[in-house]
Amino acid sequence: MRAVWRAARAAVRRRRLQTLVIWLVTLVSTGSSVVALGLVDAASAPFDKAFGTLHGPHVVAAFDGGKVSDARLARAARQPGVEAVAGPFPQATVDIPRGTADYALGGTITVVGRSGPGGPVDRVDLWAGRWPARPGEVILNRQSDWTADDLGKKFRMPSGPVLTIVGFAFDLSHTADAWVTPEQMRSLHPTGRQLLLRFRDASSADALRAGLSEVTGGLPRDALTGSRTYLALKHRIGSNARAYAPYLMAFGVLGILVAVLIVANVVGGAVVSGFRHIGILKALGFTPGQVLGVYLMMISVPAVLGCALGTLAGNALAGPFFGFVFSGPASGVLHGSLGIAPWVNLLALFGMPLVCLLAALGPSVRAQRLPAARAISAGSAPRAGRALGIQRRLASVRLPRSVSLGAGLPFTRPARSALTLAAVVLGVTTVTFATGLATTLNSYGDGGHHTYDVTVYVGAYRHGEEVRPVHGDRALQSLLGGLPGAARVTARSDEEALLVGTTQPVMFEGRRGGRSLDTVLTRGRWMRRSGEVVAGAPFLRRNGVRLGDRLRLRKDDREEEVTVVGETLDTDDRLVVGGWATVTALMPRVKPIAYHVRLREGTDQEAYARAVRAADPGLSVQLSGSNSVTGTIIGSATGLTLMLALVASLGVFNTAVLNTHDRRRDLGMLKSIGMTPRQVTVMTVTSMAVLGALGSALGVPLGIAAYEMVIPRMAAGVDITLPSYMTDVWHAPVLSLSALAGVLISVVGALVPARRAARLTVAEVLRNE
Amino acid sequence: MVTEVRTGDTVVRLDGVRKEYGETVALDGVSLEIRAGEAVAVMGPSGCGKSTLLNMIAGLDRPSAGRVVVHGESVGELSEKGLALYRRRRIGMVFQFFNLIDDLSALDNVALAAQLTGTPARQARRRALELFEELGIANRRNAYPAVLSGGERQRVAVARALMNRPALMLADEPTGALDSRAGEQVMDLLIDLNQIGQTLVVVTHDEHLAQRCASRLVELADGRVTGEHTLEPSA
Chain A
1 MRAVWRAARA
11 AVRRRRLQTL
21 VIWLVTLVST
31 GSSVVALGLV
41 DAASAPFDKA
51 FGTLHGPHVV
61 AAFDGGKVSD
71 ARLARAARQP
81 GVEAVAGPFP
91 QATVDIPRGT
101 ADYALGGTIT
111 VVGRSGPGGP
121 VDRVDLWAGR
131 WPARPGEVIL
141 NRQSDWTADD
151 LGKKFRMPSG
161 PVLTIVGFAF
171 DLSHTADAWV
181 TPEQMRSLHP
191 TGRQLLLRFR
201 DASSADALRA
211 GLSEVTGGLP
221 RDALTGSRTY
231 LALKHRIGSN
241 ARAYAPYLMA
251 FGVLGILVAV
261 LIVANVVGGA
271 VVSGFRHIGI
281 LKALGFTPGQ
291 VLGVYLMMIS
301 VPAVLGCALG
311 TLAGNALAGP
321 FFGFVFSGPA
331 SGVLHGSLGI
341 APWVNLLALF
351 GMPLVCLLAA
361 LGPSVRAQRL
371 PAARAISAGS
381 APRAGRALGI
391 QRRLASVRLP
401 RSVSLGAGLP
411 FTRPARSALT
421 LAAVVLGVTT
431 VTFATGLATT
441 LNSYGDGGHH
451 TYDVTVYVGA
461 YRHGEEVRPV
471 HGDRALQSLL
481 GGLPGAARVT
491 ARSDEEALLV
501 GTTQPVMFEG
511 RRGGRSLDTV
521 LTRGRWMRRS
531 GEVVAGAPFL
541 RRNGVRLGDR
551 LRLRKDDREE
561 EVTVVGETLD
571 TDDRLVVGGW
581 ATVTALMPRV
591 KPIAYHVRLR
601 EGTDQEAYAR
611 AVRAADPGLS
621 VQLSGSNSVT
631 GTIIGSATGL
641 TLMLALVASL
651 GVFNTAVLNT
661 HDRRRDLGML
671 KSIGMTPRQV
681 TVMTVTSMAV
691 LGALGSALGV
701 PLGIAAYEMV
711 IPRMAAGVDI
721 TLPSYMTDVW
731 HAPVLSLSAL
741 AGVLISVVGA
751 LVPARRAARL
761 TVAEVLRNE
Chain B
1001 MVTEVRTGDT
1011 VVRLDGVRKE
1021 YGETVALDGV
1031 SLEIRAGEAV
1041 AVMGPSGCGK
1051 STLLNMIAGL
1061 DRPSAGRVVV
1071 HGESVGELSE
1081 KGLALYRRRR
1091 IGMVFQFFNL
1101 IDDLSALDNV
1111 ALAAQLTGTP
1121 ARQARRRALE
1131 LFEELGIANR
1141 RNAYPAVLSG
1151 GERQRVAVAR
1161 ALMNRPALML
1171 ADEPTGALDS
1181 RAGEQVMDLL
1191 IDLNQIGQTL
1201 VVVTHDEHLA
1211 QRCASRLVEL
1221 ADGRVTGEHT
1231 LEPSA
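These protein sequence lines map, in sequence, to chains A and B.
For the first sequence, position 718 matches number 718 in the numbering used here, and the numbering has no gaps at all.
For the second sequence, position 57 matches number 1057 in the numbering used here, and the numbering has no gaps at all.
With a Cα cut of at most 25 Å, we get these calculated SDA-like pairs of lysine to any residue:
#1 B:Lys-1081 with A:Val-748
#2 B:Lys-1081 with A:His-661
#3 B:Lys-1081 with A:Leu-751
#4 B:Lys-1081 with A:Val-747
#5 A:Lys-591 with A:Val-470
#6 A:Lys-591 with A:Ala-487
#7 A:Lys-67 with A:Thr-225
#8 A:Lys-234 with A:Gly-319
#9 B:Lys-1081 with A:Arg-664
#10 B:Lys-1081 with A:Pro-677
#11 A:Lys-555 with A:Leu-499
#12 B:Lys-1081 with A:Ser-404
#13 B:Lys-1081 with A:Val-752
#14 A:Lys-591 with A:Asp-556
#15 B:Lys-1081 with A:Leu-399
#16 B:Lys-1081 with A:Val-765
#17 B:Lys-1081 with A:Glu-764
#18 B:Lys-1081 with A:Arg-398
#19 B:Lys-1081 with A:Arg-756
#20 A:Lys-234 with A:Thr-571
Hints listed in this document are in silico derivations from the structure and should not be mistaken for laboratory results.
Based on the sequences and whatever the hints tell you, model everything.
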């Protein structure tokens, strides 16, 4: 055993570059596999994982504080089916009057008295400031991708107390809009008590109903004033996850495949290139078993180290990466609640070394069986050449000889080249898929987004007080249209109405002025006359409505019939959009809440915003920025693509290192007959660029196929149908870019070994051979 | 640029050439002149610096000190590209173990030397075929190195060395890996080449080869020239 260890240690020392490559490839591959598997895992059930981590309540129950005491509620919650309980917390519903800041809380808010963000149920993510410590302080429920710029501001509650905002927290289950200390609650006159319950069986609505009945069984009949289960929340959040899942799965699977291929190639190549060494060991008296041991140990040392460090690196990278992937208004609920599952780490720690071992085992067993003399001569005796026909044809091709020689090299080591090619193919597939995805998502993000540059909201807040506009509605629209740089202004109103025949309210959005927003239409047309509306696919599907169908909308005592003439990309299943005449027919007194302004080409958005504020202090301005959801997906796809391209490049790097090592004698001879360093570089780079070109030829169609498979599923996840102009992405520039990716991956990977080969000292090489 | 060389002109001049590999001194102040048309044999025990001397002249390695001047060009001062062009234009090299590329046919191995200079494939092959006929191996032109005998491989190597009409041919133990019959054939080939004016430097252990091929013998020991003798042409 000592001899095996010594020989393996000596081999590792002698082959520093190869050992470094194995270590580096296993490190990067394991790291990317951990992230990829983590993504697959996270995408498979993101809500359950986030909800589990936060110990979210399966049921949020509200009780009448006048009918049941806190002590009795606490006793009632001690049931065998209840896994954990938080509360009862005092709860008040507060109407925030006009004139005080609403901080995006809406007109009526739920305030709960809680002493901290933790507890056995519903762990709240406190992401800015601190939890209220004394009366007079409040913390607001707000997602962490908003800004915390309202910290320190004050607002007055209708019952008298002035509260200072001391922090922002996000609660996945939205059990409250704001929290104060339990002591503060007294001045808010709470009438309710909130109980947050986790049940042992939360698999269905029936199970949850049964669990809640168990809790409320001993309480006065009308003590329970309301309850809601986590299932509705799960459905709502699930739609975002359903949109992410197919794309994350695609990247995860690609990442794992690339990593396994590269590791197999690197390890297998290392053993094959060591045949001569194996022969010498045998000649020295090493048994076949000992030879096998030396090689497995030689591979295992850097591989195990690489896997261990790669697992650590993957975990370190996954934190910020998942935060980045699962951020944004639509998916921010998952922010910070996801991590790498233990099974992923175990699989990476044991699976990757196993892949290395299996990859080394094949060639090692071959070497073990090889007679010593043949193994020794494997590096120096003339081989019966391979791919001779290709070399012969290339010799007469009208290309510089260094290029034609390089083009033939991959065919002399077919197995190694095939594995490298497979990695390049997957790299190109990833780049192609990601390019298509980014193009579609850009187009989706821009759909309607570039229709206006600035949104001007009616009303502004200064020092916690609302400032109303000086100008009236019509005057405001012409004022905004008359400011320098304005091209057109569209007024927008949002009012709830009832869809007759259902109990569900709809948000009836009215638009006045400006051009129709055709860019967001997926089918049909924009409304042209009174009585016509458009709506998103989720609304149409949920209500079983088709284009051309008539709907009846009710507001107060009025009813109007409207015709659906277009389907938009909107994902809101409650939204219906109509022209101003249509909306005012139902709601005569409706007023715009905002004005969307399209600016002339070259106009400075900031300058326009300043002009708006100067023209009327009762207006607040928001500039159009990039779409954060599409930005998140594009950003994460870019990160993953770069990571996979790097791994594929490392595979090419390793193959180029092994090839130049195997052909040192040929390289020395070529240099001795006058091959310049530049020609050596060109030859080596060409040998890999051929694989890159082949990789592009195979990878681009595969990338397109992956796109065709994933994109419709992503769209289905959020209940939308993408219009053809958004999915018609395979134009010449995109295809050229993807086709170039394979060559680029190969050239980048081959460049360093090629330069190294170019610098070989001929005398040294030929002497050693 | 091709320099015209007349018989008797100095082709190679070594002035106090020293070569060190770490602590080891391979050449220690070697000075030597080789004239055009000469056939010089370099002999000495193993490790005396024979191959290193040949590598210095071939531009395969650079001296640690001193100068190697070939056709007026100081080889050690050339850039890497300059050295490659120098080897391509001026030197033909024959190795003990042939150093042929296994994946290329015998003809393509030889044509390669010309193709690297930009000669079109067809023209390079025509020239290679001429050499194959001159060297008596035309029937083996499409064979691959693995199926050639040692003597045939060395003839292919000689053809490759002659491909670009070098002013100086260097041979490092050219018969060292051959049986006696094949060795004799290669010797005859070298003698023939020298007789038609090819300047030749042969490094060898083989006294018989030196006697038959060379007109001058340079003896090397411990990296120094220990003796020089003019040799009588053998019958």
